[in-house]
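J.: Sequence:
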Amino acid sequence: FLFPYAYRSNGIGKLIGKPVPGTGTAVWWETQIDPTIVFGIPMIATIGKEGRPTENLQINPDIDV
Numbered sequence: 030f031l032f033p034y035a036y037r038s039n040g041i042g043k044l045i046g047k048p049v050p051g052t053g054t055a056v057w058w059e060t061q062i063d064p065t066i067v068f069g070i071p072m073i074a075t076i077g078k079e080g081r082p083t084e085n086l087q088i089n090p091d092i093d094v
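Residue 30 is where the sequence shown starts when you use the numbering used here, and the numbers rise one by one after that.
Calculated directly from the structure, the hints in this document are not laboratory data. Owing to the predicted nature of the structure, the values given are computational and were not obtained by experimental measurement. Each residue gets a CB set at the ideal place from its N, CA and C atoms; glycine is no exception. Any given hint could be a false lead.
Across the chosen pairs, the derived CB separations fall in these ranges [claimed, not checked]:
(1) Ser38 <-> Pro64: 35 to 43 Å
(2) Lys78 <-> Pro48: 29 to 37 Å
(3) Gly42 <-> Gly69: 17 to 25 Å
(4) Ala35 <-> Ile92: 15 to 23 Å
(5) Val56 <-> Pro33: 34 to 42 Å
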């Protein structure tokens, strides 16, 4: 998500593909005593040029394929 967001925000060119949902949150993965149990703890969000977190900010391509 962050690459197409930055590409569009900086006016580099057109986006080609499918819509991408915003998932701009960094996660800390924690393994338990039983190594088959792993869970993620959201740690930090990225803030876009709009001044809001990029989580749930969908990027729609210029050309949908």
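J.: Under the constraints set out in the numbered hints, which ones does this structure not fulfil?
T.: Of the numbered hints, 2, 3 and 5 do not hold.
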